[in-house]
Amino acid sequence: MSRRAAVRRPPRGHWLVLLLVLLVVGVTLLFEGWTTHQVDAARVKPPCTRPIPREADDGKPLLRFGPKGVTTAAMPPGTVALTFDGGFDPVWTPRLLDLLRMHHARATFFVYGQDAARHPKLLRRILDEGHEIGSYTYSGGDLGVASPLRSRLELSLSQAAFAGAAGINTTLLRLPHTTAADTLCGPEWPAAQRAAAQGYLVVASDHKDREPWRGVVTQHSQTDLGYHEAEDLLRDPGAKRFTTISGGLGRPAFVDGVPVAQEIKGEGLIWSARLGHAFLTAMVWALTLTGVLGVLRMLLFAVFARLHVRRLHRYRPGAPRLREVRDPVTVLVPAYNEEVGIASTVYSLLASTHPHFEIIVIDDGSTDATADIAEGIGDPRVTVIRQPNGGKPSALNTGLARARHDIVVMVDADTVFEPEALARLVQPLAHPAVGAVSGNTKVGNRRRLLGKWQHLEYVLGFNLDRRMFEVLECMPTVPGAIGAFRRDALMGVGGVSDETLAEDTDLTMALWRAGWRVVYEQSAVAWTEVPTTLRQLWRQRYRWCYGTLQSMWKHRHAVTEVGPAGRFGRRVLLYVTLFQIALPLCAPVVDMFALFGALFRDPGEAALVWFGFLSVQLVTAVYALRLDRERLRVLWVLPLQQFVYRQLMYLVVIHSVTTALLGTRLKWHSMKRAGTADPYLLEAPTGDPLDEPPPRRSLSSR
Amino acid sequence: MTQRLPHQVVATHVAPVTRRPRAAAPQLPVFIDQSGWRRRTLQGVGLAVGLACLGYLLFAGVLISGLRQPVGTQPPSTNGPARSGPDTGKSSHGSGTPVRADAHADHYRRPLSGRSAPPSAGGPKQ
Chain A
1 MSRRAAVRRP
11 PRGHWLVLLL
21 VLLVVGVTLL
31 FEGWTTHQVD
41 AARVKPPCTR
51 PIPREADDGK
61 PLLRFGPKGV
71 TTAAMPPGTV
81 ALTFDGGFDP
91 VWTPRLLDLL
101 RMHHARATFF
111 VYGQDAARHP
121 KLLRRILDEG
131 HEIGSYTYSG
141 GDLGVASPLR
151 SRLELSLSQA
161 AFAGAAGINT
171 TLLRLPHTTA
181 ADTLCGPEWP
191 AAQRAAAQGY
201 LVVASDHKDR
211 EPWRGVVTQH
221 SQTDLGYHEA
231 EDLLRDPGAK
241 RFTTISGGLG
251 RPAFVDGVPV
261 AQEIKGEGLI
271 WSARLGHAFL
281 TAMVWALTLT
291 GVLGVLRMLL
301 FAVFARLHVR
311 RLHRYRPGAP
321 RLREVRDPVT
331 VLVPAYNEEV
341 GIASTVYSLL
351 ASTHPHFEII
361 VIDDGSTDAT
371 ADIAEGIGDP
381 RVTVIRQPNG
391 GKPSALNTGL
401 ARARHDIVVM
411 VDADTVFEPE
421 ALARLVQPLA
431 HPAVGAVSGN
441 TKVGNRRRLL
451 GKWQHLEYVL
461 GFNLDRRMFE
471 VLECMPTVPG
481 AIGAFRRDAL
491 MGVGGVSDET
501 LAEDTDLTMA
511 LWRAGWRVVY
521 EQSAVAWTEV
531 PTTLRQLWRQ
541 RYRWCYGTLQ
551 SMWKHRHAVT
561 EVGPAGRFGR
571 RVLLYVTLFQ
581 IALPLCAPVV
591 DMFALFGALF
601 RDPGEAALVW
611 FGFLSVQLVT
621 AVYALRLDRE
631 RLRVLWVLPL
641 QQFVYRQLMY
651 LVVIHSVTTA
661 LLGTRLKWHS
671 MKRAGTADPY
681 LLEAPTGDPL
691 DEPPPRRSLS
701 SR
Chain B
1 MTQRLPHQVV
11 ATHVAPVTRR
21 PRAAAPQLPV
31 FIDQSGWRRR
41 TLQGVGLAVG
51 LACLGYLLFA
61 GVLISGLRQP
71 VGTQPPSTNG
81 PARSGPDTGK
91 SSHGSGTPVR
101 ADAHADHYRR
111 PLSGRSAPPS
121 AGGPKQ
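Taken in order, these protein sequences are the chains called A and B. Going by the UniProt record's numbering, 689 is the number at position 689 of the first sequence; the sequence numbering is gapless. Going by the UniProt record's numbering, 45 is the number at position 45 of the second sequence; the sequence numbering is gapless.
Please keep in mind that the hints were generated in silico from the structure rather than gathered at the bench. Glycine included, each C-beta is placed from N, C-alpha and C at the ideal position. Certain hints may be false.
Stated by the list, open to error - Which bits of chain B does chain A cover? Going by a derived footprint, with three or more residues having C-beta under 8 Å, they are:
1) 38-46
2) 53-59
3) 69-78
As the list claims (entries may be wrong) - Quick list of simulated restraints, FRET-style, between CB atoms:
4) A:Asp-128 <-> B:Trp-37: 49 to 55 Å
5) A:Asp-232 <-> B:Gly-72: 52 to 58 Å
6) A:Ala-261 <-> B:Thr-41: 33 to 39 Å
7) B:Leu-51 <-> A:Pro-46: 44 to 50 Å
8) B:Gly-55 <-> A:Asp-224: 41 to 47 Å
Let the sequences and hints guide you as you build the complete structure.
Right under this line is the structure:
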């Protein structure tokens, strides 16, 4: 294994697998929908407007469409051909067979192809006991109204099912929704003709009032009713013998064996129908899970955000009055090629109302004028450190080593602080147990659609998330854009680690595990620039998602720990696994079903479900926007979010999980930035760790 | 702060000397699998799933396209020659199957001779 082979492109094969899986889901959905008449439906018998031709209208139930026109036939006197049609019944079909055996009688069963596929044993038992099988089409589609494709498939699929289930085919056919021959009226007649052209003898039944001694073809369902009708007939003294259709006509059996090739094909059909059914069941479960999780998440949001608000505004007797924090603060601004944004970041910090602070800009080997611009600001509170490019964790560690004060605030170089933000951000640190504080990030560039989407996501997702985490005491991330830390706490966990791509999440988790509390200060607002193209957004989210997965894995043992660390671990890992991994992974299924529902099922129903979900989301969004004092006007983009943004988000999760599972070493390309964009892009280590080790890791702990 | 550094330095110095890549393992980013077995295993699984799906789709295609074959070109006759049977019924067709007493006849599943064979009993033989 050469060292060069170690670095790989991001995986791509999983997209093909995903596509194939979705195709299979689509095909099975279509097939299942076809058999249940949601696709290409033909379930209702059309009203008859034209009687059957006069020459066939002699009441005889067997119709043979030959080259010289139709000929009819009937049972000879005294002969009763019991026929049973409709679906198999798990209770009454076996009872019927027992009854027939008891009376040594033979009968003919017109079987749905899908029943044969589902209950091959029953089909075999019917044959083994000497009865005859006829086709009742695959799914009971009315051939009079069925499309040409459905008519053909209805007949041939049932033959395939019979071949697979019992190795036979049959030339008997009864058209669904028909009884006596004169019910083959209207469009049923040409349908019967077409079926006959494929080699079928069409079997109707005699009228109910025909006496058995004259010879009849009866028709019964495989139910309680059919059982008792058959029982009465079997006791009828006029009926001399009970036989199959072929038996009554004195012809060779209409049921025949099939070549092995067809049998194999039929078995394939049965298996794929079965697999498809199981697959679909799994999909329905996934769909249910997604729905439940989605609604649960919204509910959790609402409940905990409410709790959080009440907690903020309620006076709690006995709560310690915390002193105001006016201690000096060191602000770390790691910057890599940020010449567009660095000045506004630093100026916004300099305008802070906090009484005493220093700003350290760490230029991480920028190739542009970032460091010069920062130095040009010329304020004694600003220090600029230049270092060779080593990644964001390394830059932060460099700054940390130079920090003079006990409170450290980390800021991304594309973020603009509100004047009050710094002072407010550090207030929770008055409590000695609090090790870190997360601020409230808001989207600055929200002119365009992508910005608006992200704005909604920040308000609806991240900020509500944080309120909930705050109440549950399991804040997993202090964002790199705005976060305050106790320097002791940072030193205690060994500074910022570069083992993961989401160093902020990793750091926060490490703080929790070291026994510190991490809280949320929603009034400390920083405006951040978000990606403006889908490509940048994809990269940012890929990094976040992959980094979060890494951090979770790195800190997985928190689950079994005791105390606040264990509580944190259990809650956050459960939450993230359910809502940020499982939920997005199930999401493509939802889209498939939604598409299917809209195309083939009742579009009204699909719309109802869709608008149901949307309104739950809207209500939550309204609440979240009001909590954050944002305008509600932006809500119009929420419905649109369902179409590109949501898919992008779940594809990112799928991509990240695949990358993580594969364990490949990736080279993260730093992206082009125009002073906006992603907080910071870190390049993953490229070579073998042996060959290019420490400078970037000098301060990381382990 | 700086007390931590010696540990780092020692670790990175030891590794090259002992020539054991594993010494650097704690420094490795999370999820990176150096041996590559995970990648290979998962690629195998992915390949299997993909092939299974592809096979299924191909099979479905073959099945649907193969279904154009009808069971016959015209319906079977209803009034062909009478069968020779041990017990001829009294029916107008001059033939028939045994009355009620034919229970033990063996079934006609998969007759060896197929439909073109000389007529045999419809329901029961013997």
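Taking the hints in turn, this is what the structure says about them:
1. 38-46: holds (count 5)
2. 53-59: holds (count 5)
3. 69-78: Holds, because 10 residues of the segment 69-78 of chain B bring their Cβ atoms closer than 8 Å to Cβ atoms of chain A.
4. A:Asp-128 <-> B:Trp-37: 49 to 55 Å: Distance hint for Asp-128 of chain A, Trp-37 of chain B holds at roughly 52 Å.
5. A:Asp-232 <-> B:Gly-72: 52 to 58 Å: violated, 36 Å
6. A:Ala-261 <-> B:Thr-41: 33 to 39 Å: holds, 37 Å
7. B:Leu-51 <-> A:Pro-46: 44 to 50 Å: holds, 45 Å
8. B:Gly-55 <-> A:Asp-224: 41 to 47 Å: holds, 44 Å
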